[in-house]
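If you want the numbering used here, it's the 1-based position in the sequence shown plus 190.
I should point out that these hints are in silico values taken from the structure, not numbers from a laboratory. Take every hint as true, because none was put in to throw you off.
Pair by pair, the computed Cβ-Cβ distance ranges are: (1) G244 - D213: 19 to 25 Å; (2) N229 - S195: 51 to 57 Å; (3) L215 - D192: 31 to 37 Å; (4) L210 - I241: 18 to 24 Å; (5) L225 - A197: 38 to 44 Å.
Below, computed lysine to any residue pairings styled on SDA-like, alpha-carbon distance capped at 20 Å: (6) K223 - E242; (7) K230 - E217; (8) K230 - S219.
This structure is a prediction, so every number in the text was calculated from the model and none was measured. A virtual CB, placed ideally from N, CA and C, is assigned to each residue, including glycine.
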Amino acid sequence: MDDKSFASEILEKTIDKLNLQQDWLQEYSNIFKDLFEQNKYDNQEEIYKAIEQGVNKI
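Given only the sequences and the hints, what does the whole structure look like? Please build it.
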């Protein structure tokens, strides 16, 4: 494999990973929005604490 095709493959994989992260970020944002709309938490700090508790259980 020459340098150009190697660099191209790396770039494509990097872009794919960044796109996946963007999807994850959008999904995460939607979860926050849904929790606020359902009035399950009063503020963002409560949501962070709930997430932290969930992560600590894992």
